[in-house]
Structures are given as structure tokens and as C-alpha cells.
Amino acid sequence: MAEITLIEGVTQALAWEMRNDPSVVVLGEDVGVNGGVFRATVGLQEQFGPWRVIDTPLCETSIAGLTVGMACQGLKPVAEAQFEGFIYPMLEHLMCHAVRMRNRTRGRLTCPLVVRAPWGGGIRAPEHHSEANEALFANVPGLRIVIPSSPARAYGLLLAAIRDPDPVIFFEPKRIYRQYKEEVPDDGEALPLDVCFVLRDGRDVTLVSWGATIKETLEAADALEAEGISAEVIDVATIKPLDFDTIHESVAKTGRCVIVHEAPKNVGVGAEIAARLAEQAMYDLLAPVERVTGYDTHIPLFRLEMKYLPPVGRIVEAAKRTLAAS
Amino acid sequence: MAEITLIEGVTQALAWEMRNDPSVVVLGEDVGVNGGVFRATVGLQEQFGPWRVIDTPLCETSIAGLTVGMACQGLKPVAEAQFEGFIYPMLEHLMCHAVRMRNRTRGRLTCPLVVRAPWGGGIRAPEHHSEANEALFANVPGLRIVIPSSPARAYGLLLAAIRDPDPVIFFEPKRIYRQYKEEVPDDGEALPLDVCFVLRDGRDVTLVSWGATIKETLEAADALEAEGISAEVIDVATIKPLDFDTIHESVAKTGRCVIVHEAPKNVGVGAEIAARLAEQAMYDLLAPVERVTGYDTHIPLFRLEMKYLPPVGRIVEAAKRTLAAS
Amino acid sequence: MTTAATFEIEYRQYLDPDGHPIGKQLPAIARDLDHLVELYQLMSFTRVFDTKSIALQRTGKLGTYASCLGHEAAHAAIGSAMRPEDVLAPAYREYAAQFYRGVKPRDVLMYWGGDERGNDFSGPRHDFAWSVPIATQCLHAAGSALAFRIRGEQRVAVSVCGDGGSSKADFYAALNCGGAFELPLVLVVVNNQWAISVPRSRQTGARTLAQKGIAGGLHCLQVDGNDLIACREAMDQALERARSGGGASVIEMVTYRLHDHTTADDARRYRDDAEVKAAWQREPIGRLRAYLTRLGAWSDAREEAWKAQCEERVNEEVDAYLSTRAQPVEAMFDHLYGDVPLEIAQQRALAVAREVKHG
Amino acid sequence: MTTAATFEIEYRQYLDPDGHPIGKQLPAIARDLDHLVELYQLMSFTRVFDTKSIALQRTGKLGTYASCLGHEAAHAAIGSAMRPEDVLAPAYREYAAQFYRGVKPRDVLMYWGGDERGNDFSGPRHDFAWSVPIATQCLHAAGSALAFRIRGEQRVAVSVCGDGGSSKADFYAALNCGGAFELPLVLVVVNNQWAISVPRSRQTGARTLAQKGIAGGLHCLQVDGNDLIACREAMDQALERARSGGGASVIEMVTYRLHDHTTADDARRYRDDAEVKAAWQREPIGRLRAYLTRLGAWSDAREEAWKAQCEERVNEEVDAYLSTRAQPVEAMFDHLYGDVPLEIAQQRALAVAREVKHG
Ligand SMILES: Cc1ncc(C[n+]2csc(CCOP(=O)(O)OP(=O)(O)O)c2C)c(N)n1
Ligand SMILES: Cc1ncc(C[n+]2csc(CCOP(=O)(O)OP(=O)(O)O)c2C)c(N)n1
Ligand SMILES: [Mg+2]
Ligand SMILES: [Mg+2]
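Residue numbers (this note's numbering), protein chains in the order written: chain H, 1 to 326; chain Y, 1 to 326; chain P, 1 to 359; chain V, 1 to 359.
A portion of the hints provided could be inaccurate.
Selected chain H positions facing chain P (in silico; Cβ < 10 Å) [claimed, not checked]:
1. Met70
2. Ala71
3. Pro89
4. Asp243
In case anyone wonders, no lab produced these hints; they're calculated from the structure. In this text, all values refer to a predicted model and were calculated from it rather than measured experimentally. Beta carbons: idealized from backbone N, C-alpha and C, even for Gly.
Modelling step: build the complete structure from the supplied sequences, incorporating the hints.
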């Protein structure tokens with residue numbers, strides 16, 4: 001069994017599912033011969049042909065509309081938005097149709113589709129290639145949002161996303177596409193779509209994150225440990241629906257919570273977690289909840305982008321503040 | 001001075017500003033001869049001609065793109081999305097361009113534009129005509145979001161929105177378009193875009209809302225008063241940037257907070273308010289924050305929609321829970 | 001100077017406004033009188049239904065309703081030319097097309113009556129739901145057609161939008177896909193001259209809406225949308241072409257919206273009565289009736305009997321609609337997800353409990 | 001059968017790949033040798049700049065860069081035909097057009113070097129910034145043109161997109177608006193045969209990209225995009241037409257992308273070397289040089305001197321770029337809003353404090 005990267009986890013999941021379910025098709029810009037601009041679909045067109053791995057015209061409105069149409073007629077399309085910053089033209093079809101089709105037809109038609117997109121900053125990419133816009137989708141009923149942060153979770157969660165009977169937004173943290181390798185058995189085993197992953201047990205403070213900042217969050221936990229502070233680390237991974245129970249349990253134990261994400265703070269997904277803690281865990285909290293996030297400005301072009309993304313230091317400081325407060 | 005409704009406040013503000021600033025133009029579907037499907041632009045084309053009150057082809061992508069182009073070239077366009085449920089095709093232009101133009105050109109080009117849209121449910125409208133999707137925009141930097149809930153605030157805030165040098169989303173709660181009339185002097189006085197409105201002073205609990213549910217929130221305050229509970233009522237009105245200080249001050253006084261909105265709960269704007277309370281007002285809170293919101297499902301077609309929108313009773317109950325908790 | 005490409009947009013009409021044939025060469029369908037009578041009946045049934053629906057709205061028994069008055073030939077041609085296994089992606093007023101395919105009038109009423117069950121209609125279970133977001137259905141049809149190509153099925157996807165809809169990005173995107181993938185797709189533009197208050201002339205600088213198909217290399221045709229025979233021939237040919245691998249088409253059917261946009265609209269605010277009067281002279285039902293009557297296939301007596309039947313059937317449908325009780329509160333949650341997330345189950349339980357307590 | 005409309009797409013080329021005139025009737029611009037030399041110099045300067053930029057990227061001194069190799073004639077024609085007061089809404093590789101209008105090479109480098117100040121470029125302050133979101137610039141040009149009409153200005157808006165871009169909804173939306181409002185608008189499609197890895201043939205079923213303009217009733221023209229004279233004449237005519245109230249145009253300039261899509265791309269993965277080699281035979285700079293040399297307006301000596309000058313000027317620009325220090329951290333906040341909200345001011349202060357503390 002070979003060790004693979006996060007993006008190879010994506011490719012491996014797509015290939016597995018296409019082999020085992022003829023209704024799965026992949027479509028997007030440059031997903032065919034080119035294998036995707038990040039190589040996520042590499043080799044798939046060779047294996048499954050140009051009618052199952054489809055290079056579309058350059059139009060995200062088209063990709064979304066086609067995807068909805070195909071999904072309603074019995075296929076399981078996995079569409080790629082080349083970058084999350086180009087997902088906006090897909091919104092009308094996703095919001096008005098995909099997430100409602102089952103509901104508005106009382107189950108007659110359904111939209112078992114996935115929209116994948118490389119997500120987030122930190123790779124010195126050009127303008128419009130570094131957004132983290134999961135919050136755009138998080139208020140929308142009928143949708144699932146998934147952001148894996150390891151090769152194994154990329155594999156298992158993408159399988160689950162494709163098999164899920166409803167639309168799933170699957171954001172891939174491109175900064176850690178090739179951060180490290182791990183063994184991921186190609187066994188077709190999906191992971192649950194509604195359970196957070198506890199990556200590290202701890203007693204003193206709960207660190208909650210998802211996507212590429214899991215890296216800094218784990219590093220912060222190391223740094224805290226060096227100072228004798230025991231941090232629990234949770235990878236939310238399935239952003240919507242949110243498994244609040246796992247987070248709540250942890251905070252009930254630690255009494256402190258730091259939420260880390262790279263998207264802007266204001267009405268980010270972190271707000272929901274903090275809000276639920278305020279509602280349901282107020283008496284468990286020994287200190288105010290902290291959010292360590294991107295600033296409420298656009299992620300700058302790359303000369304400054306690392307000043308925008310939350311660094312380890314900010315997470316450590318926030319964790320210490322929660323300890324000092326109580 | 002005549003008494004006017006909320007929608008007449010909109011019309012009056014548009015007319016004032018068009019009279020006084022030749023760079024203001026109105027565009028959208030049916031805004032011309034027809035005066036808008038809700039009559040918000042009635043009479044404007046007669047007064048200002050077809051090149052300042054422009055019926056566009058039926059294409060929201062076009063409306064948004066034209067608006068960005070016009071704004072960058074020195075006009076102050078006020079675009080109408082006929083319903084908030086049709087705003088999605090505008091997103092690419094708003095998100096990739098309008099909210100970034102100033103930032104990405106270091107101030108060389110700017111986008112002083114307004115997108116108006118009738119917003120929210122409760123008028124027995126057809127499918128896709130009842131959304132409350134302010135959360136879609138709330139995580140986005142560089143934007144302002146305004147939702148007035150009275151004729152005077154509609155007038156004063158729309159004037160401010162048009163004059164603001166940056167893009168503003170202006171959502172009009174259609175359910176209360178004609179709920180009541182009040183005297184609104186047509187004096188061109190704008191209201192501030194970053195201050196919440198305290199509609200009612202109270203001691204025991206702070207009720208925070210915006211849009212049409214201000215109606216139920218005020219009614220809940222009445223009902224609570226009848227039971228001897230004194231509720232402070234805040235109309236957020238300027239959703240982004242959020243004037244948290246006014247809310248915080250009130251909660252510091254009352255120790256309790258109920259947030260009311262008709263959008264779904266999960267990562268709604270209410271989450272941000274609750275999150276900030278969890279972060280900054282934890283020691284002021286005598287009871288967990290409550291959110292009374294639409295459910296995390298689509299607003300149903302109209303036979304059931306009143307079961308979806310938060311009724312007075314739910315607000316009263318939540319307020320009482322905050323009192324019981326402490 | 002070199003010419004890179006030339007194009008021609010053909011216009012077809014077979015019946016004049018009085019139902020007289022134009023020219024000598026009528027298509028075969030013009031001689032299939034039984035079928036034409038069936039379609040005439042469909043059209044006139046639809047008009048009875050339409051009149052009734054408007055009345056229901058006016059008396060508070062229906063929500064906003066989009067009338068199809070004047071569009072009956074276009075819609076009947078679309079629905080009747082298709083095979084059951086084809087897919088229709090309608091806009092929101094193509095009732096005659098849907099009735100032919102098996103949708104019940106009560107389904108239509110349910111939808112405009114504010115009940116999701118209207119979209120869970122009888123008949124063509126794979127057909128798309130009504131699409132209020134303008135022209136989005138065009139891409140759903142394109143996606144369906146792509147699915148058919150992928151699976152090698154001999155099926156065709158048809159979508160219908162309006163003159164206004166043909167301005168929307170989605171319409172263009174659909175025709176671009178139709179050409180790029182050589183899809184079994186028929187995009188019908190029912191040009192009724194108005195998009196709410198905006199006249200056709202303000203939508204585009206194009207002389208015809210049919211010519212938009214040239215942008216995607218599609219087959220393009222403009223027909224008299226009040227002439228059932230022209231509409232039907234156009235549909236037959238486009239469907240046949242699509243089914244046999246010949247690619248996608250745009251058909252513009254030129255007609256007129258004789259009613260307000262919907263019952264929420266008042267067209268007197270923006271258009272002349274004279275224009276509407278003139279359009280009544282060209283309307284499709286009288287025209288077909290005259291043609292059939294002249295050929296002895298229809299008569300005043302049959303008309304009277306049929307009208308009575310229509311009234312009766314429509315009344316039955318209305319009764320069925322009116323006697324359907326609203327869904328219970330939990331219906332808001334029951335079709336949201338296939339795999340119900342915990343938080344939805346919890347909210348459902350809360351909503352039910354509240355309903356029990358407060359009603 | 002009636003014909004509703006007919007259309008013809010013209011193709012124009014004046015110089016063959018070896019720089020020999022085709023036909024007898026060359027446009028006036030072909031005889032304005034001084035200006036052609038100026039444009040030749042612009043094109044060859046741009047190529048020197050382009051080569052240098054790629055080298056900078058390869059050595060880690062620039063981020064991802066989009067080469068314009070092979071597009072120089074198209075871009076030079078666009079930029080030089082426009083008046084200063086016109087508005088250009090570029091995509092992301094039309095450097096020659098921008099240089100002519102006053103944008104500095106260092107601005108281009110700043111942008112691809114990850115610094116917002118690149119978009120705060122010198123020269124045409126009202127021109128649009130680079131537009132990475134494909135074809136959105138077409139609608140910004142349309143909006144500008146609408147602003148010009150509203151204010152009664154004699155200005156024209158020009159946008160440029162690619163063959164891929166011409167599939168995007170925005171392109172269609174822009175041409176629809178161009179026709180509907182009769183805008184002073186020129187939409188240029190620089191068809192370089194590839195959209196990253198997707199060939200022109202997969203984008204659309206249309207024979208030409210020019211014919212897309214028919215969908216909006218626009219003037220349409222296809223030209224050899226490697227022939228500066230054809231490109232320039234097309235631009236001159238379209239601009240003149242637009243300026244004088246004659247409406248909007250689509251011009252397809254047929255050329256070839258000789259480099260990878262960007263420096264982040266590797267075109268060998270998806271296209272044949274042979275195709276690229278063949279395209280080099282048609283490239284625009286050698287063609288124009290041959291034409292000018294044959295007429296005695298250019299020489300090897302001048303070429304050598306000019307190349308040296310280009311090297312020098314480009315090096316100056318590169319130095320200026322490389323010696324520009326990054327913006328301070330507060331630059332993230334300083335151009336976000338015209339009226340700075342409290343929470344932004346607070347975040348700015350925090351970021352500055354952190355920077356002081358941690359660097
Ligand atoms: C995306 C979107 N924008 C706006 C509307 C509001 N709207 C409903 S129908 C309509 C006009 C449609 O005109 P046309 O396409 O000609 O169809 P017709 O109603 O005439 O059949 C408009 C603007 C909508 N439903 N969807
Ligand atoms: C909306 C959007 N989708 C996808 C991309 C990614 N992308 C960048 S350039 C490109 C291809 C553009 O091809 P074309 O329009 O032919 O222009 P060219 O690069 O060939 O000049 C793509 C898909 C993007 N920038 N914007
Ligand atoms: Mg119409
Ligand atoms: Mg290209």
C-alpha cells in the first residue's frame with residue numbers, strides 16, 4: 001500500500017467510485033487530458049473515457065446547470081470548480097435548484113452531486129485563487145459542506161460525499177494538497193459525513209479548526225504542550241451539518257475553546273460554533289471563546305498573504321488568554 | 001408632510017438623490033414604465049427619463065456586471081434585484097469585483113453602488129420569492145449590508161447607502177413594505193450606516209432583530225411588558241459592519257439576549273452576534289443567549305410559510321427562558 | 001474579402017389568422033385530423049383551466065398564478081411532439097405541454113396554491129419541476145441531454161423559456177453547451193413579446209430570437225407560435241434531429257401574452273389595449289378551430305359538448321385541489337435531506353411539539 | 001418558406017505569414033509606415049518583456065505569469081486604435097495594448113509579483129484592472145459604454161477575452177447588452193485556440209467565434225490575429241462605428257498561444273509540439289518585420305539597436321520592480337472601505353501591533 005498525499009486521496013477516491021459506480025461522472029474545466037490544474041483528476045480520462053471525465057466549455061454557470069440536470073436524471077456528477085474563487089457563477093443553480101430539488105418535489109427528483117474546489121490561500125497563487133468562502137454556503141439548507149485536512153480524510157470523505165444522496169460542497173485545502181503522505185488503503189471505505197475528528201486529546205483547552213489551518217492548530221498544540229498546556233484538537237471537517245456534540249463534549253471537559261479558521265471572522269463558520277457554545281455550553285465555559293481567523297479584509301496578493309493567514313503564534317496566544325481568563 | 005410607507009420611503013429616497021445627484025441611475029427589470037413589481041421605482045422614469053431609470057434585459061449577471069462597470073466609470077448605480085431569490089447570478093460580479101475594486105486597485109477605481117432587493121417571506125408569494133439570505137453576504141469583506149424596518153429608516157438608510165463610496169446590499173423587508181405609515185420629511189437627511197437603532201428601552205432582556213421580524217419582536221416586548229418584563233428592543237438595521245457596541249451595552253445592562261431573525265439559524269447573522277457576546281460579554285450574561293430564527297430548512301411555499309417564520313410566541317418564550325435561567 | 005460563414009433564419013407559418021392554409025405544401029401533421037382535434041381539445045381545455053385558475057386567484061382561493069392565455073398552440077405542440085421518455089424542463093406556464101404528458105391540473109393548482117406537492121406531479125416523473133428562476137431550466141435540459149449522450153439513450157431534452165428568458169446568461173450557456181457537446185436538446189423560446197413589462201424590443205438587438213442559436217452552431221428556426229401546425233412540425237423535426245444524433249436546435253415560437261404577466265401584474269400600466277386587441281386577432285385556438293371546422297373535423301355542436309366536458313373536468317380538478325388539506329408542519333423537514341442530519345431531526349421535533357402546543 | 005434573416009461572417013487578412021500582401025487593396029494603415037514601425041517596436045518590446053518575465057518566474061522572482069507570446073499583433077492593434085479617453089477592460093495578458101496606453105512594465109510585474117499596487121497602474125487611470133474571473137470584464141466594458149451613453153460622451157469601451165472566455169455566460173450577457181442598448185462597445189475575442197488545456201473545438205459548436213455576435217445583433221468580423229494590419233483595421237472600424245452611434249461589435253482575432261497557458265502550466269501534457277511548431281510559422285512579429293523590411297522601413301541594423309534598447313528598458317523596469325519593498329501589513333486594510341468601519345480600524349491596529357511585536 002502506497003503512501004499518498006491529500007490530493008492523491010482525492011484522485012484515489014474518484015477512481016474507486018468511478019470504477020464501482022457507472023453513474024459517477026466527473027466534469028469541469030481542464031479535468032480531462034490535463035488531469036486538472038492541480039492534477040486531482042489525473043489519469044481518470046484515460047481510464048474512463050471522455051464521456052465520463054468531461055472537459056466542459058469555460059463557463060461555471062454551465063457546469064453547475066449541467067450538473068443539476070445530470071443529477072436529476074440519475075447520474076452522480078462530481079463537478080470541479082477550478083478554484084473556489086470561481087464558484088460564484090454556480091450559485092444560482094446550487095441555491096435555487098440543487099439544495100431544494102428534493103424538498104420542492106417532495107423527493108421526486110434529487111440532486112446527488114458534488115462540487116469540488118481547491119480552497120484557501122498560502123500557495124502564492126494569483127488574484128482570485130486563494131479564497132476560503134465556506135461561509136457562503138453555511139446558512140443554506142439542504143446542503144452539506146466538507147473540508148478534509150488529511151489524505152485519509154480526503155479519501156474517505158470524498159467517497160461519502162459522492163455516495164450521499166444530496167448536494168455536497170467539497171473544498172480541498174490546496175495549501176496542504178502535498179504537505180505530507182500517509183497510507184490510505186484503497187478499500188472504498190467512506191467516512192461519516194457528520195462527525196468531527198478529534199485529532200489530539202487534551203485537558204486544558206479545545207482547539208477547533210478545519211482545512212489547512214489544522215496544520216498550524218496542531219503545531220500550536222505542540223507549542224502549548226511544551227509549556228505544559230494540554231490542548232485537544234478537533235478537525236470539524238464536516239462543516240455542515242455541524243457535529244456540535246463532539247465539540248461540546250470537549251469544551252465541557254476543557255472549559256475553554258479557541259476556534260481557528262482562515263476565512264474572515266465576521267459571520268464565518270466559527271461564529272456558529274461560538275454561538276452554540278454561548279447557547280448550550282455557557283455554564284461549561286471557564287473563559288470566553290476565542291476566534292483566531294483571517295481578518296475581515298480580502299486575502300491579499302501573495303506578498304502579504306502569510307500576514308493574513310492565522311499563524312501558530314496567534315493560536316497559542318489565544319489559548320493562553322483562555323487559560324489566563326479563568 | 002405626508003405619511004408614507006416603508007416602500008414609499010424607498011421611492012422618496014431614490015427620487016431625492018436622483019434630483020440632487022445626476023450621477024445616480026436606477027436599473028433593473030421592470031423598474032421603468034412599470035415602476036417596479038412592488039412599485040418602488042414608480043414615477044421615476046417619468047421624472048428622470050429612460051437613460052437614468054433603465055429597464056435592463058432579463059439577466060441578473062448583466063445587471064451586476066453593468067452596475068460594476070458604471071460604478072467604476074463615475075456613476076452611482078442603484079440596481080434592483082427583483083427579488084432576493086434572484087440575486088445569485090449577481091454574486092460573481094459583487095464578490096470578485098464590486099467588494100474588491102477599491103482594495104485591488106489601491107483606491108484607483110471604486111464601486112459606489114447599491115443593490116436593492118425585496119427580501120423575506122410572509123406575503124404568500126410564489127416559490128423563490130421569499131428568501132432571507134443576508135448571511136450570504138455577511139462574511140464578505142468590503143461590503144455593507146442594510147435592512148431597514150421602518151419608513152424613516154428606509155429613507156434615511158437608502159440615502160446613506162447611495163452616498164456611501166462602497167457597495168451596499170440594501171434588503172427591503174417586503175412583508176412590512178406597507179405595514180404602516182409614518183411622517184418622513186423629504187429633507188435628504190441620511191442616517192448613519194453603522195449604528196443600531198434602539199427602538200425601545202428595557203431593563204430585563206435585550207431583544208435584537210432586523211427586517212420584518214422587528215414587528216413580532218416589538219409585539220413580543222409588549223407581551224412581555226404585560227407580564228411585567230421589561231424588554232429592550234434593538235433594530236440592527238446595518239447588518240454589516242455590525243455595531244456590536246450598542247448591542248453589548250444593552251446586554252451589559254440586561255444580562256440577557258434573544259436574537260430574532262427569519263433566515264435559517266445555522267451560520268446566520270445571529271450567530272455572529274451570539275459569538276461576539278460569547279467572546280466579549282461572557283461575564284455580563286446572566287443566561288445563555290437565545291436565537292429565535294427560521295428553521296434550517298427552506299422557507300416553505302406559502303401554505304406553510306407562517307409556520308416557518310418566527311412568531312411572537314417563540315420570542316416571548318425564549319425571553320422567559322433567559323429570565324428563568326438566571 | 002473572404003466569407004467565413006453564412007447563415008439564414010427561416011420563418012414558418014402554415015395557417016393564417018383565419019385558419020386558411022398559406023401556400024400549398026402543408027406538412028403531414030396538417031392532414032392528421034384526429035390528432036389535430038385531440039390537440040385542439042387540449043388547447044381549449046387548457047384555456048378553460050386557465051380562466052378558472054384566474055378566477056380562483058381573484059377569489060382568494062389560489063396564490064399568484066401565471067396564465068397561459070394565447071400560448072396554447074406553442075405549448076400543445078411542445079408536449080405532443082415529445083415522447084414519454086423525453087424530458088421536459090418547463091418554465092412556469094406551459095400547462096398544455098404538461099397536461100399532454102400527464103401532469104394533472106390539480107398539480108398545477110397545488111403549486112400556485114402554495115403547496116410543494118404540486119411539483120410532485122403525476123405523469124412524467126422524470127420531468128423537471130417548474131422553474132421560476134428564469135432560463136435556468138435550459139441548462140437542466142442540457143444536463144439531461146448530456147446524461148442521455150453519456151448513457152447512449154435515444155432520448156431528447158426539451159426546455160422552454162420566454163423572450164425575456166432568452167436574454168438570461170443561462171439560455172446562452174445552454175445553447176453553447178448544446179453545440180459544444182452536440183446534445184439531443186431542443187431549446188424553445190416562446191416569444192410572447194413581453195417579459196412582465198419589458199417589451200421584446202428592449203431585450204436584444206437581434207432581429208429574431210431564433211438567430212441566437214447561431215452563436216452555438218445550433219439549428220435555428222422561427223415559427224408562428226399561434227400556428228399549431230408550424231409549431232408542431234418544428235418540434236417534430238428538431239426532436240427527430242436530436243434523437244438521431246443531429247444535434248441541438250433553437251426554435252422561436254412567436255406569439256403573444258394575452259393576459260397580464262401573472263395575476264399579480266396589471267399590464268395596463270405598460271401596454272396599449274390596442275396592441276392586445278390586435279393580438280387577439282392572431283390567437284391560436286380560434287385559428288385551429290376554423291381550420292378544423294372548414295375541413296369538417298370540428299363543429300359548433302362538438303364545441304359545445306367539449307366545452308361542457310372541460311368545465312366538468314376542470315371543476316373536478318379544482319375540487320380535488322381545494323379539498324387537499326395543507327401538509328403538516330413536519331413536511332418542512334421531511335424532504336430536505338435523504339439522510340436526515342441530527343440537527344434537522346431535532347428542529348423537526350421542536351416544530352412538531354410547538355404545533356401540538358400552539359397549533 | 002420565408003427567410004426571416006440572413007447573416008454573413010467576413011474574414012480578413014492582409015499579410016500572409018511571410019509578410020507578403022494578400023490582394024491589392026490594403027487599408028490606409030498599411031501605408032503609414034512610421035506608425036507601423038512604432039507598433040512593430042511595441043510588439044517586439046513586449047516580446048522582450050515577456051521573455052524576461054518568464055525568466056523571472058523561473059528563478060523565483062515573480063509569481064505565476066501569463067505570457068502573451070504570439071498575441072502581440074492583436075494586443076498592439078487593440079491598444080493603438082483606442083483613444084486615451086476610451087476605456088479598456090483587459091483580461092490578463094494584453095500587455096502590448098496596455099503598454100501603448102501607458103501602463104508600465106513594472107506595474108505588470110508588480111501584479112504578478114503579488115502586489116496590489118500593480119493594479120494601481122500608471123497611464124489610463126480609468127482603465128479596468130486585470131480580470132482573472134474569465135470574461136467578467138466584458139460586462140464591465142458594457143457598463144462603461146452604458147455610462148458613456150447616459151452621459152452623452154463620445155467614448156468607446158473595449159474588452160478583450162479569449163476563445164474560452166467567449167463560452168462564459170458573461171460574454172454572452174455583454175453582447176446581449178451591447179445590442180439591446182446599442183452601446184459604444186467593442187468586444188474582442190482573442191482566439192488563441194486554447195483555454196488552458198481545452199481546445200477551441202471543445203468550447204462551442206460554432207464555426208467562428210465572431211458569429212456569436214449575431215445573437216445580439218452586433219457587427220461581427222473575423223480577422224487573422226497574427227496580421228497587425230487586419231487587426232488594426234478591424235479595431236479602427238469598430239471603434240469609429242461605436243463612437244458615431246453605430247453600435248457594438250464582436251471581433252474575433254484568430255491567433256495562437258505559443259507559450260504555456262501560464263508559467264504554472266505545462267502544455268506538453270495536452271498538445272502536440274507539431275501544432276506549436278506550425279503556429280510559429282504564422283506568428284505576428286516576424287510577419288510584420290518582413291513586411292516593413294521589404295518596404296525599407298526596417299532593417300537588421302535597426303533591429304539590433306532596438307533589441308538592445310528593449311533589453312535596457314526592460315531591465316530598468318525589472319530593477320524598479322525588484323527594488324519595491326512589500327507593502328506594510330496595514331496595507332491589507334487601507335483600501336478596503338472609503339469610510340473605514342470601526343471593526344476594520346480595530347483589526348488594523350491589532351495587525352500592526354502584532355507586526356511590531358512579532359515581525
Ligand atoms: C432569475 C429571475 N429573475 C427575475 C425573475 C422575475 N420574473 C419572473 S417572470 C419574469 C419575466 C419573464 O419573461 P419571459 O422570459 O418573456 O417569459 P414570460 O413570462 O413572458 O412567459 C421575470 C422578470 C425571475 N423569476 N427569475
Ligand atoms: C471564472 C473563471 N473560471 C476559471 C478560471 C481559470 N482559468 C484561468 S485562464 C483559463 C482559460 C482561459 O482561456 P481563454 O479564455 O481562451 O483565454 P487565454 O488564457 O487563452 O488567453 C481558465 C479556465 C478563471 N480564471 N475564471
Ligand atoms: Mg415573454
Ligand atoms: Mg484561449
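Consistency of the hints with the structure:
no.	hint	result
1	Met70	4 Å, holds
2	Ala71	8 Å, holds
3	Pro89	8 Å, holds
4	Asp243	8 Å, holds
Checked against the numbered hints above, the structure violates none of them.
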